[in-house]
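Participant: We have chain A; now place chain B onto it with these hints.
Number of protein chains: 2
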Amino acid sequence: MSSTTALRSLNINNINPHIKEAKYAVRGELAVRSQTYRDQLSKGEQANLPFDKVIAANIGNPQQLDQKPISFFRQVLSLLENPPLLEKEQILEEGLGYKKDVIERAKWLLQQVGSVGAYSDSTGAKAIRESVAKFIERRDGFPAVANDIYLSAGASSGVNTLLHIICAGPQTGILVPIPQYPLYTASLSVLNATCVPYLLDESKNWGTDLEAIKTSYKKAVSEGTDVRAIVIINPGNPTGASLSEEDVKAVIDFAAQEKLVVMADEVYQTNVFKGKFHSFKGVLRKMQKEDPEKYKNVELASLHSVSKGMVGECGHRGGYFELCGFDPEVQEQIYKFVSISLCAPVIGQCLVELMVNPPKEGEPSYELYKQEYEGIFTGLQKRAMALYEAFKEMEGVECEEPQGSMYLFPTITLSDKAIEAAKKENKSPDEFYASRLLDATGVCVVPGSGFGQKENTLHFRTTFLAPGTEWVGRITKFHQEFMDEFR
Amino acid sequence: MSSTTALRSLNINNINPHIKEAKYAVRGELAVRSQTYRDQLSKGEQANLPFDKVIAANIGNPQQLDQKPISFFRQVLSLLENPPLLEKEQILEEGLGYKKDVIERAKWLLQQVGSVGAYSDSTGAKAIRESVAKFIERRDGFPAVANDIYLSAGASSGVNTLLHIICAGPQTGILVPIPQYPLYTASLSVLNATCVPYLLDESKNWGTDLEAIKTSYKKAVSEGTDVRAIVIINPGNPTGASLSEEDVKAVIDFAAQEKLVVMADEVYQTNVFKGKFHSFKGVLRKMQKEDPEKYKNVELASLHSVSKGMVGECGHRGGYFELCGFDPEVQEQIYKFVSISLCAPVIGQCLVELMVNPPKEGEPSYELYKQEYEGIFTGLQKRAMALYEAFKEMEGVECEEPQGSMYLFPTITLSDKAIEAAKKENKSPDEFYASRLLDATGVCVVPGSGFGQKENTLHFRTTFLAPGTEWVGRITKFHQEFMDEFR
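Read top to bottom, the protein sequences are chains A and B. Counting from 1, one number per residue, gives the positions in the first sequence under the UniProt record's numbering. Counting from 1, one number per residue, gives the positions in the second sequence under the UniProt record's numbering.
The hints are simulated quantities; they were obtained by calculation from the structure and are not laboratory data. Among the clues, some could well be false.
[To be verified] Quick list of simulated restraints, FRET-style, between CB atoms:
{"#": "1", "chain 1": "B", "residue 1": "G375", "chain 2": "A", "residue 2": "V32", "range": "42 to 48 Å"}
{"#": "2", "chain 1": "B", "residue 1": "P170", "chain 2": "A", "residue 2": "E246", "range": "45 to 51 Å"}
{"#": "3", "chain 1": "B", "residue 1": "L110", "chain 2": "A", "residue 2": "Q371", "range": "22 to 28 Å"}
We treat Cβ as the ideally placed atom computed from N, Cα and C, and that holds for glycine.
The shape of chain A in the complex, shown without the other chains:
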């Protein structure tokens, strides 16, 4: 394409350079190509493709694949959208499925928000923030207050807000795990701040490695970077790790020592298959109880979302973050910043309420809720294990046992011949592999380079959301053929 500099105000060479620098592979070239394949298939153009279905294993989008929404949640939301239904006795009839607790919750929420079509307070409806605070109290066993809770349009919007406040220019550094979810590096590019990468320890199930964190921190500081915060994703994306309490403690201790904000991305807190989820908030409060002087000023922002877990309502863009230990003047600036975009989607806010306050034992909707919730959990666990077992059998593939989140992040070892072939196509070896995989099988994964990976290692991230095992078989078959081709 010829340059349009002379013709237009905007061209690729004069727009915001920080947007140009940003990378976001989860929805990058392969995702776009997979959409083209999907369009071709929907037009009946199967003949041109060696597969009859595209599997979007590139993105944690549960309801795009197989996960059904939780009935209680959606029933309440439907009444919030159509309040006249609340006045109709008929909706309680057997057939329509509305139970009394559904109606009560919808009425209560409508009292709180007025209409889901009205803007709420900038930080979200107060009553819902109070529900979130109570949820956090129950989860952690320590108090929480509504004024420190900010409802957001998914966790992404919360991360965007926090990084906007923290980053004051190129000299600001943020410690980001490698591999990471690329929201972090992309946002830091857009904000023209400095990403200070620290490597996770693949040999220890992708746990945090305090020595690696310290080394990265010291190096950045010695280069003049003002390191202000550390990002932790737990359970891990893309790694699937679930941190031990000791790992969480070590990070908080380090943050206290170096006065770093801890940004705890905990959107997968209910996707834990092995061990137990340890919230940063809960661990911090325990440490503060034991040594108040040392830990009292630790600044923690912890994020959660309706997009993941058994809720899986990505499309509704609901979430929240909680602040602990932040300077009140800084919180005022956060309030102003979120005001500029008015408020998070109100129906998404209501979904946050439902997530933190699901039906309780003895309530009419409880049995169905429990059955649906457990069904999703078990299904995810089974799929994770099936995929893990398949990866274990593949030549040159190593994979940690699934612990949490929605992803596996296997290592792949490719031959020199494959690496050479990638080079010829101007691709990194993992991009080359993922690209071939998509073209051959219709399975879309994200190359490890989209998340960052240790030098001379190769990975890909796949969700385990897709149902069945047929698509896993497709990967196995492709992999064998790929290995044979480049032997």
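Facilitator: For chain B alone, kept in the frame of chain A given last:
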């Protein structure tokens, strides 16, 4: 409060300075205070306050006040939230209110998006973007294409995206009308770009004044600013103006001559009480037909929203922008940028579909839709006129006749004594007036300085969304007392 510099990572002196600089008065100090009053009243603490109700005339939030949602829209949304209802014959029974076209539309939308709980494409569901394109074609009489439509979380998010792309640093200048909706100046502060203000002409019903635009443009260019875009809000916020076709043409002509992106904020396009709405897209295409050579490369971004008009669904955060004449490489970067936040809320996207494709004559839901739509329109017009008539009677108040949008922006002339009293409280005179108004009446308006105003003029912005005339009487009474006090 003592400085916390020594204790914490973040404090008011080291956070992002551009966030600190940003101002957003619509949800500023007065809005916060009005919320405190509302809380007091809800706790039964009337005794302390000289009013028994807070009127939020500070923000265009129709459903917070009196505007009822359109039934057809909400019925469809309720089925999208609770798809099992679609299989129940009962919902077609008289009492529940669902008509056949509601069910058909919900089924069609579900086919397109899969689940409203799933992420859509980054730029929004394709089928909905196609509906938007057809709507624009019908509105303007010129073709539109889905690939140039970007669904957004309200228009605010669209503005945020566009300014992120356009602004490359402090040298980038954007022409912004004064008075303006503070989203523009706030976003430019956050992006550390330069606002190039141009004054609207109050004497011509707040129309655009080409000479004023040219003068501002030349001054900025002579100071080394790279002016890249011009923002137009039509119908006007806060002014209530509705531009003539000549005004629109003059802006496009100027933009073509100086190679400026035109950012047309057209969220109030159906709130027009006098004359007719002239879309920038339609006028541009006409100009291109008459003189293709001169206008072929004009870059136009026009924004629309579900928040305003007779839809009034702010809380759902739905909207779109259409691009014309943009460089494809720039559009690729826009795609990447919006991908980082994944997608606009899907239920809000569905509301965009309903807004651009409401029931047609002959369809089962048409009569009720028409009745509701016209009822809202007439109600707003009546309220606007009643408020206008009241302002006309007030001493020292001048107000343009309502033309469009949801606001009146009267000029107030205050005595030297009042201005002196404001100074003593460290307030601008209009802030002082609006603050007194809130404390005395519970009516929350936004001082003109929150939008920018010509030197030595004073205004306030009020919505005319609140029902009844009692609150207008409260303003009249306060105003007289205020004038008397400072005579």
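Participant: Each hint needs a verdict: does it hold in this structure or not?
Facilitator: Each hint tested on the structure:
1. Restraint check, B:G375 to A:V32: a C-beta distance of roughly 45 Å satisfies the suggested window 42 to 48 Å.
2. Between B:P170 and A:E246 the beta carbon distance is about 47 Å. The supplied range of 45 to 51 Å therefore holds.
3. Between B:L110 and A:Q371 the CB atoms are about 24 Å apart, so this pair conforms to the stated range of 22 to 28 Å.
Violated hints: none; the structure is consistent with every hint.
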